[in-house]
Structures are given as C-alpha cells and as structure tokens.
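Use the sequences and the hints to build the structure in full.
Number of protein chains: 4
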Amino acid sequence: MKESEVHKTLANFEKGLKENSYDIPPSMIYTYAALKMGIPYANGAPNLSCDVPAMVELAKLTSTPIAGKDFKTGQTLMKTIIAPGLRARALGVDGWFSTNILGNRDGAVLDDPDNFKTKEVSKLSVLEESLEPDLFPALYGDLYHKVRINYYPPRGDNKESWDNIDIRGWLNYPMQIKINFLCRDSILAAPVALDLALFLDLAKRSGMSGIQEWLSFYLKSPQAPKGLHPIHDIFKQLNKLENTLRYMAGEELITYLGQDYEV
Amino acid sequence: MKESEVHKTLANFEKGLKENSYDIPPSMIYTYAALKMGIPYANGAPNLSCDVPAMVELAKLTSTPIAGKDFKTGQTLMKTIIAPGLRARALGVDGWFSTNILGNRDGAVLDDPDNFKTKEVSKLSVLEESLEPDLFPALYGDLYHKVRINYYPPRGDNKESWDNIDIRGWLNYPMQIKINFLCRDSILAAPVALDLALFLDLAKRSGMSGIQEWLSFYLKSPQAPKGLHPIHDIFKQLNKLENTLRYMAGEELITYLGQDYEV
Amino acid sequence: MKESEVHKTLANFEKGLKENSYDIPPSMIYTYAALKMGIPYANGAPNLSCDVPAMVELAKLTSTPIAGKDFKTGQTLMKTIIAPGLRARALGVDGWFSTNILGNRDGAVLDDPDNFKTKEVSKLSVLEESLEPDLFPALYGDLYHKVRINYYPPRGDNKESWDNIDIRGWLNYPMQIKINFLCRDSILAAPVALDLALFLDLAKRSGMSGIQEWLSFYLKSPQAPKGLHPIHDIFKQLNKLENTLRYMAGEELITYLGQDYEV
Amino acid sequence: MKESEVHKTLANFEKGLKENSYDIPPSMIYTYAALKMGIPYANGAPNLSCDVPAMVELAKLTSTPIAGKDFKTGQTLMKTIIAPGLRARALGVDGWFSTNILGNRDGAVLDDPDNFKTKEVSKLSVLEESLEPDLFPALYGDLYHKVRINYYPPRGDNKESWDNIDIRGWLNYPMQIKINFLCRDSILAAPVALDLALFLDLAKRSGMSGIQEWLSFYLKSPQAPKGLHPIHDIFKQLNKLENTLRYMAGEELITYLGQDYEV
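Heads up: the protein sequence lines correspond to chains D, X, U and Z, in order.
Basically my numbering = 1-based index in the first sequence + 56.
Basically my numbering = 1-based index in the second sequence + 56.
Basically my numbering = 1-based index in the third sequence + 56.
Basically my numbering = 1-based index in the fourth sequence + 56.
Calculated from the structure, these hints are not laboratory results.
Just so you know, nobody snuck in bad clues.
Each pair may be met inside one copy or between any two copies, as identical chains are not told apart.
Straight-line distance between alpha carbons at most 30 angstroms, and here's what the computed DSSO-like set of lysine-lysine pairs gives: (1) Lys234 <-> Lys202; (2) Lys260 <-> Lys64; (3) Lys92 <-> Lys282.
The following block contains the structure:
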C-alpha cells in the first residue's frame, strides 16, 4: 500500500475512517486507536502503519512517541554491520547477492514475488544508505544488489542466509567475502520487541513525542521526517541511542575526540 | 622479544646501543635513527620497534609523531567489524575459530608455531577488547578463540580466511556465522601504509608528537600509554580519526545526539 | 516444447517438414539434416532436438549414432557426484537447495522464470534418479529440492554455485553439507563438447547407431529408450563408458568382484 | 607404532607375548585372543592391531575373517566421494586444504601434533590413491594436501569440517570448491560399526577368512595383501561390496556394459 491523500493529514484520516476508506487497513486503525489514547506504538513489520503524516501529526498532538519500521534481525543486521565496515576502509563494492532459506509461514508467503515486494524494498535500501554511492561513485556507483527469499520447509524456523559480496581494493583488484548465517528468526526478533517496548515507555515518561529516531538501531527502515535520510549504519545508530540515554540522564556525551581513551 | 630494562628509558637505551645490547634488534636501531632526526615513524609489523617507553620518550623529545603496530588488513579487519556488531546487539559469543591459508613467504614463516607466537597474540587480543568480557561475563566470559595460519603454496599471494563464530541469542539459543574472505594481502596493506605516511606527515606539520592513537584505525595492536586500553572497534577508531581531523580543521564534531540527522 | 504427433514417427515428421509445422523448431531441422546425411549428432542444450522418436528412427535408418541432452558441467556435476555418495552410505536427504549466480547472457535469460522452466526440469530430475526414493522412501521419500538461477552481472562468466544439503543420519540425527563452487562455465563445457565429437566419430566408424547411452557421462538428461530409466550416477556412467571402450577394444571388463585388486 | 620383527610372523609374535615384548600393545593382545578363538575382528582405529603379517597369518590359520582400519565417516568420506568425481572428469587438483573443529576428547587428543601423526597419515593417503598421480602427473603430480584437526570445545561432539579444493580445468583455468560439513561423528560411526559386525559374521559363516577387502567401503585405510594398492574410491568399494554379496548369493554381477540399463 502506498501513501495517499487520506494519509496526508489527521483531518483527512479521520474523515476517511468515517467513510470506511479502502486505503485504511486494520493495522492503521489499531495505530490510530493507540495514539489517540496516548499509548506509545512501534511497527515491526514493513507496512505503512505509523509511517504516514497523519499518524505522526496525531502522535505529536497526544504527546506520544512512535517508532518504525521492520525489525532488523538477521541478514540485514549483518549487512548494516559489514557495509559500514567496507565503507570505513574505502573498499569498493561491485555486487552483493543475498539469499535466504526458511521453512515457516513467513517463508511460504515471501517466496511469492508479489508478497516479497515490500520486504525487498526494505532490504535493498539499507545498502544504498550505508555506502552513500552519491558521495563515492567510483566505489559504490555501480553496485548490483539482489535479495532472494526461498521457501524451504525442511529448515522450519531455522532461517539460513548466504551472502556473496564482490569487493574491490586498491588498483581495482577484485576480492570476495561470503557470509553464511545459520540463525533463528524469532530468537533474534523477540529481544528487539522487548527493548522497543521498554524504551518507548521511557520516552513517554520523559515527555518525548513523535518519531523516536534514536530507536532506529532496531529497525530496517527507520522513519525519518520528510526530506531527511535515515541512518542505517548500526554503529552510528548505537552511538545515537547511547548518547540520547546519556543526555536524558544528564551525563556527558562520548565524542572520541583526539587523545581520549575509553577507560 | 619482550620489553626489558634497556627499553625502559632513553638513557638505558642509548647506553645499550653503545654496549651492543642483544635486546636491541636492527629494527629498533632504525626506529631510533628516524626519531632522533625528527622523522615520523610507523610500525606495520607485530614486533616491538617503537612500542617501548624509551622510543616514546625520544619521540616526545624531538616532537615526532609515531604510530604502531601491525597493519590491520584482512581477517582481523573483518573481526573488528563484526565483533562490535555482535556486541552492539548483545549477542553472546561462545567460540571464534579463525583459519587462514596463504602461499607466500609470510605463510611459510608463520606456519611454524614459534614464529606464529607474536602474530597470534596480536590477532587474539582484538576480540577481547571489542567484546569486553569483564563487563559482560554472561555473554563473553567463556569464549574459546583460536587462530591458525597454514602455509598453502597453490594459493600464492591470494590469502583466504575462514571464520566460524558460535554465537548465542536470547534464551541461550545457539546460532552460527561463517565468514569466508578471499583476499589479496598486499592489496589490502598498501593503502594502509600510504595513509599512515600521509597522516604522520600531517601530524608532524601540525605540531603533534608522541603516540598518535587517532591512527589506531589502521592497526591490529594500537599503541597506548601505560595503563590504558587501546580501542579495537573499527567504528570508534574511525570516529576518532574523523573527529581529530575535524578538530584540526577547526570544524564541529559529530556526536549523533538525539534528534540530529546527517544530511 | 513438448513432444507431439509430428515427432512420433519419421513419416509424420517429414510430412510436418513439408507442411511447415510450428512444432518443428530450427534446431530440429538441423538435426534432421545431419542424421539424413549420416553425420553423428549430439545435443548439449536441454531442448528436444534429437530426443524424439522420429529422430531416433532416422538415426537407426541411416546407421548414425546420437547422444543428448544438456551438458553436465558444474553444479549438476557436483550433484551427480555427491548424491550417489550419500546413497552409498544410506544417508537420508530431507532437502537440497541449489542457487547460482552468473553474469553472462545465459544468466540474463535464465533469470526469467519462464525461460528457466526447461533447465529447472533438467536440473531437478538428476537427484530423483540417483537417490531412488521409490526404493528408499524412508530416506528420500520426502525430499524438498529447489534450484535457482540468478542473473548477477559483476561476476560475468565466472559462475558460482552454493548448495545446502540437509541430510539425516542414524537415529534420524540431522546434519548439513554446504558446497560452494567457484567455476567457469565455458571451461567446464568445452572439453565435454570435444569428447562427444571424438566419441561419436568413433561410434560411427565402429558401426554403432541410435542412442549412445554409454555417453550419458557427459549429459544432465541422458536419452533413453522408452520405458527405461537413464542412469545419472556419474560413477556408473563412467563405468559404462570405460567398459564399452574395453569391449570395443576386445579387452576384459572390470567387475570388482570379491578379492580382485586393481593393480 | 611401526611394524617390527615381532609382528612379522605368528611364531615371532607368540614368542614376543611370552617375553612381554614392548612392541605388543594391549589392543594387539586383544586381537590375538579374538582370532585365536576364531572370532571375527575389525579395527576401527588407525593403529596397527590386525594390520600385521602375524595376525593375518593367525586369521588364515583359524579361518577367521578380519577387516581394518580406521572407520571412514565424515570429512574423509566426502573426500573419497569427491576425489573420484574430479578424477572422472579429468579435473586437475593443485591443492586440498582440510580443517576440522571438534570439542570432544578425540579433538583434545588430536590437537597435539604428535598424537595427530597416525591420523594424518591415514587421512592424507586417501587422496593419492583416488587420484593416481603416477598415471596423471599433469593433473595430480603437484598436489599440496594439508589436513588439520583443531580442538574447539564450544562445539562438543558436533564436528565440523571445512575443505578448500583448488582445481584446474581445461587450458589450466583455476577454479575452487569449498565443502562445509556440519556433522556428528558418533552418528556417522555407529552404523559403520554395526554393518561391519553383521558382515564379518556373514563372512565367518560363509567360510571366508583372512583380510576381507570387500569391506573396504567402511574404512579409511583398508588392509591389503603386501604389494597391492587398496582401493579408496567409495564407488568402486561399494561395487566390490555389492558384487561380493551377489556372488555369495549366486546372483549375476553388474558390469554396466554398453547398452545395459539398470531397470
């Protein structure tokens, strides 16, 4: 579902609710109910839910913090760890091929190309943000990025991912990195859900409202105010999370300037 | 070679030079000559060279910047990218097995257990620093870390590493990550040597002297003043490098506080 | 293209030629021309060409040897090596996931699901034949076999395959095998084409005609007379090839009975 | 322990027993007792036990069948499956690097280079036999084969092997195969022990005695009469096993000649 008129303002949305607009899915009604009552809300799926102007407006109105979207847990987690690492060392990337096998209901659904569309956009975008091809076209301007999800019943819930990364070093010499991750999707997701609940509660009690971008650490597609790029680099995300907590606690921020050591 | 009396002070060292002390290897004489003349010096190998109090004292005396030791290029680079990532998400690590195959002279030498000793210490230490087992004994207190280097002539200069990481998630569920890195050692090392030359020259001209820990980004065993822990996390190292350059240029530092975006 | 009436007999086929039948593709006209002139013919692609009764009839008529189809070169080669090995040791197989990345024209074409159909059937069938699930339903009766081909330009002609095999041992304990094959498609295919040319010429000069199943060693989908199962196990195929050559040379066959040694 | 005078003849051996010879280990006394009583004996370890002329002589004397040595279960099983496959297609092999990690007592013992010696010889020999470098020096004459076993406690009994094979195709183009096998050593070994017990009992009751080379299918270092090369290729071994059973049952042997199909 794409953003449309009924999502643009709170007034439009409430009018749409009364008129049973087709563009308001059940999940968004749930979001509206929570925010109306001032209950913090986080979205762990890749759908719109609170990622529309109408909901952001409502959140601000009721002084409610929100966060979204799409929990970052396995293969994409590894991507947002490694891509910044390659960028840090100015290693060029020519191609990144990611494939997954899983045998639960998620896998059966996502194996179909149409259902995979939203997830694919979510998964593909993280790379472009971390590597910043506009700033470094020679290194990342010609990157072929492909993601596949395959339904594979024998594995059940034990998801497995295989990534092949074609990188380029000095003098354009090609090299390769392959990552094989044997994981358990729910085990990686559960603590993320828990943390978000705890931190959103903290944000509410601290008087913070609207998009909590300092929680982007947990999300594949962090919400951002219009016109700004969300950060995907997990280390910058962690730094933001920690510095926000330090700020809330009245502590000094860590900047890693020059001669400082972390003792 | 371990640090001994002749390395403790500049006076001891110069006395040792006159007396042809066995504890002063040729590489250290070279270091002494460079620092005496005020020429910046960096150590890309895992040996002592400038990592002794006598040389640090001399560097300060002649206002010369130094950096060391052991270029961080391939497998260890990946380690200092991934370990912080695992720590960021509080994923426990039970074991990390690293093996390498290479067919150049480095490989032939390091295949012998005795020659491997210094390299092994250097390679093993990075993990302990990134994961901080003292702070998180439940996650990293019982980590079996093993590194092997194998001489393998068919591959020549095309080094290959294979890492198996046994991690633990929520409720102690075990998972595994395997990293296969097909690289070229000299291609990864050359730009590191070049960068260090350029930045040490900049440091000299900027009036900086002694250990340049902001260059730890390039090193497996960054030198640190006695009693302080060097940082191995490549992202903190990069942050330190960049913020030092910003500071030198009179720019504002990036702290990633709360609502800030990097536009 | 599936077999139809016009392919069933030579008479039907020649009538179809005169009538410009849509079911006779250019490749099959080429086959007809060669066999009519008594020139041996082999099919390295997965299409029908000489794998129809009409062509087999013509081959017998002109005493011409034929062989087909689909060169067995990389990932499938590994499959027909490993599957028999697992069967030999009665290791059960629950799932076999095969994925490929390649960047040449083959890859661009096969990336589309429709074009992939013929190749997929060819690639999927080899497993069922080697493992014989009808004979061993407890071991191979519930096998999930999936093959994917992905267009990946950065790699060009350097095809790479990744296979994940979920096997089961004694007491049903699950185990896994992963095969990563970095190969070059044309380099693996060229010698196959050359061998087939040489052996078909030998067959012709030896007075052999019709389907040369002793050349199945080189093919993914070996042709077989109606009602018989082709053999895919590469070692049985090799044994057949070698014993046929021994037979043609008047030599004794090797049977590996009891106490014999191969000296 | 190497073969010496006391092992050369039964007479020497019995004299050695009386004299408490240091060259007769407890396992060999056990072998002697079993064979003396006509009880079939198989050796699943890489030590000498029944692989000496004295024991072979005793076995013949008491009409007892014997088999040995060193169960072939995991990584070496894969080796004797794949090496013949590469040889079948005349793919050259420049290097084969095998590494293992395991955390049980086996691993702790074998991690020490001295204890590893016998196992290493056993594991290294299989490749030379399968590839026959004397017959094909251009393909296999310059092969660097290395095997490592690493003690790795976190994995316990769940052994894991990683093999890197550097192969060469037509026109000398290099390619690579990597095999990652996550297995369970005892699960792979138990059925081997069981089969050997059953088949040795059958051999005894069928009046067969001495070395049962048709059971080489289960062994890494199959015993062979002096001067003959044992076969390691698992498919030839299986063929030999099956043809021997067919022979014993009065059935026809399978030779895979020319036009035959296995229906």
